[in-house]
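Line order of the protein sequences matches chains P and X.
FYI, my numbering numbers position 83 of the first sequence as 126, with every residue one higher than the one before it.
FYI, my numbering numbers position 404 of the second sequence as 465, with every residue one higher than the one before it.
FYI, nobody ran anything at the bench for these hints, they're computed from the structure.
Every residue, glycine too, gets a C-beta built ideally from N, C-alpha and C.
This list has only true hints and no planted wrong ones.
Label-pair distances were calculated between CB atoms; the ranges are: (1) I46/P x I201/X: 54 to 60 Å; (2) G939/X x F50/P: 51 to 57 Å; (3) S882/X x I46/P: 29 to 35 Å; (4) N102/P x L658/X: 31 to 37 Å; (5) I46/P x Y806/X: 31 to 37 Å; (6) Y631/X x F50/P: 25 to 31 Å; (7) N102/P x P119/X: 55 to 61 Å; (8) N102/P x F77/X: 56 to 62 Å.
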Amino acid sequence: MEILMAFVVGVLYTAGIYLILRKNILKLVIGLSLLSHGANLFLITMGHLKRGNPAIIGNGAGIIYNDPLPPALILTAIVIGFGVTAFTLVLVYRAYQETDCDNLDEMGRSR
Amino acid sequence: MFVLFWVVLLPLIAAFALPFINSKRKVLNLIVSLLPFSLFLALCTMVDQVRISPLLEPHAWNQMLGISMNFYIDGLSIYFGLLISGMGVLVNLFSIFYLSPTCNLGRFYSYMMLFMGSMLGIVFASNLLCLFVFWELTSISSYFLIGFWHDRKEAREAALKSILITGLGGLFLLAGFVLLYNVTGTLEIPELLELGDEVKSSPYYLPILLLILIGAFTKSAQFPFHIWLPDAMVAPTPVSCYLHSATMVKAGIFLIARLSPIFSGTQVWFFSLSSIGLMTMIIGAYLAIKQTDLKALLAYSTISQLGIMVTMFGFDTSVGKEAAILYVLNHALFKGSLFLLVGAIEHETGTKDLRKLGGLIKNMPYTGILVAFSAISMAGLPPLMGFWAKELFFESTLHIPWHGSPLNFLRIVIPLVAVVGSIFTVTYSIMVFHRVFLERREDGPLQAHEAPVGMLISPGILISLSLFLGLFPNILKDSLFQPAILSILQYNTNLAISLWHGLSTPLFMSLVAVLMGTITYANRASFQKVQDFILPNFSLNHTYEGAINLLNQTAELITGIIQNGYLKFYIMTISGFLIVMGGYTFISKVHLQWENLQLSPITPFDLLITCLIIISTLGVVLAQNRIRAILFLGIVGYLVVLLYVVFRAPDLALTQVLIETLSIILFLLTFYHLPKFFEEKTPSSIHLRDLAISGALGALVTSLVVVAIATPLFPSVSQYFVENSYLLAGGKNIVNIILVDFRGYDTMGEITVLAIAGMGVYALARLRERGKPSPSRRGGLAVSSLAPGLAATPILRVVTRITLQIMLLFSFYLLFKGHTSPGGGFIAGLVASICIALQSLTFGLRHMGDIFPFDQHKVLTLGLFIAAATGFTAMVFGYPFLTSTHGFFHFPLFGEIEILTSFFFDLGIFLVVIGVTLRIITTIARN
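Assemble the whole structure, with the sequences as input and the hints as a guide.
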């Protein structure tokens, strides 16, 4: 499973970077979203996958729990990622509105 | 008794307070004259105590790093402390009459007080790092004061020059202190004073000494760092008097004096100090004669006399150090009064240009008399203090300690150089008085009146003191001079000073200097030809400007390369670096041990999800239009949710599903305004290149994941969380407990970032209101048409109305149960905001207020406040920030209920998330 996850993460990174390297400004935002999915999956793969119960302490001794640390890290990352996506979306929208340009290579010059 | 603490702190407090009472001139004047005066008196009361033994006033600060706020007062520091506070009184008194009421006096005195506090800090700090901080603070206040008239270009440039040079010196100084700490293991001056031998025998002695001396030389305007001081004369005259003549430029002298018990007694000390000092003295005095601006003349003269003080410390004899320390006061008295008098002259005549002044004795007789006396002291003539102070200087040049055979010539050269410097000094001293007051002015007499009495009080006091000390040199000997000398020499000497030394060599040297100086002045026309011949354009300013230009050009060049404005370029650089370095490391260092890999089994379901993720990711990349790309992106997100379910991370799955929903709402709301995908007319080679880069990076990440799993370097901290989550924090949902308790500090930072992002969205969207109206309002606004409930079919209306209560209730359940079952502040906040957003989108944004009658900013701020307050409450009880506690309480009717303080933190998170999410959605929807 971990190897499979490694490939999924790799594909997400590849797609993310490829989209960021395009000229279209909207593709940049989409690429960033893909990258953050990749990073989150990377993190969760670091805790051993599917080894135990959900990390909620139940009754009885000797229960093996899933690694709670990656979920804790990812949880805030997801929420912040949302804040960042919203921010970039508005930034893209405003930049597009001000410069009337959607090409990243030309945007700097069209001021 | 915390006398010293308050002596340093009160001016600093005043510095912050004064700008606020800018308009109340009388209060302002009263404070700036009475505060330094009371400090002066406070220090006076300590004189007797200090004479018996030095005092250490302990204030513990950061013991772990060996930094204290201790203050140390001995003969040397009280000598400087009295000088600083005393001069402060007189200069501020002068400023009251001198400065035009139209300038911003609150700001001016604020800087002056900042300077006074930090300068007192330098002399009283017992810890070298504290001393360094105060040292830098004086540079900063000097920067502000030089640039006080900041609308003048030359003032700004001079301010920048001074802070660049003294700031650079400060860095050297800091390096020296750190190195010294490494050798001795202490930063406390009283302890260091005992460790002189250890330092001198250390192999680091030379670098430490040189680093510290560079710091001292930049501050005390020694050659070749002196170039900032003449430029600094653009500052208001009280500043030139106080900072750039009487006190701040003597910080370097103070440091040399302070540290001389540790460092002196070596050849390096002798050569570095006396060579630089003599050079500075000669160059300063020689250039002073050339000046046509009175203040510039005084500035070069100050440079020259600072050189004298450095030289005398370098001689490393008891008479040299005695003479140096007395010269500090002497110089402050005559140069301080001269600067103030020049200020008065400029105030009355409107110029300080020597060529435009002349014959002023008729207009300003009292000023003239005071200038005459000050010039006499500067030239070193009896009966003022300047006379015997200079005699002591000559005396010290006759006792050079290093007289090995190759150095014997120095015993002739040094006194000779001293005499030549004195000749120049006599020349410009005569010039200051004769040229301004006696010589006839070419364009007829000036129309000017005597300066007001208020402006003459301070110079009058200074010069009377100089006269008094000249006549009775021993009056302050026991109380001030001897203790100061004792703390430099570390042993008692019998200081012998008197106005009349008998027919000695120094007297003969003085006679030569006065005679030759007068002759030079009498033949100044021919001397000017000599000056035109020898080094006519001598200045290091070109070097300075060249260095600054080079720095700017290099910075521009580098910025031009790495900040070229192409996002692509940055991404490719980062990825390229990562691929090359990471790839190299992988190939050369990593030996994967496959047998270590412990893999989880793959079920067909897992395989299906992952394949779908890969396919929809490809779909995103290949999509020909926006809507398809966004939908595919959504699919990827929901598939990731499924993965979290498979990996048994319920909190994650919940969060991701909510965020995914919100993101899609966001994308769709902005959809009409976002740029369309366009046909990229890039050649396929570019596509291939990008594909290669991203593919290589993807491959790198894939191998990184595999390697990271196969080689666990250290045991995970997770086990600790699992074991202690319930024991220590009282919660069963470990993920939630990590967030709100174990790693609460991180979460605090994260919700702050989130809050900033929310504000940023709002600010970005509102930016237009300030600028030009939006150029394009094409396509209609998505939600202005949505406002009355565009999509609100009757069924949707009914359903949303019913779900509102249920969802809100559910969100509270998630919040309250967060520590025992999946949920918590983040998830609960998202549920609540989605439900509110859904309502308002259904019934129109106008009805938002009915559903959520609170200001979103206030909710957000309240949330941050609650979270921070939870943390600080722990501190009130003496625990570290964000320490949590929990307990079981019995409530009637409810029975046993567990209460965690971390719940309040979670409540803060809940509110922040609601505030931010609603802020983002409404902002985007309104646009």
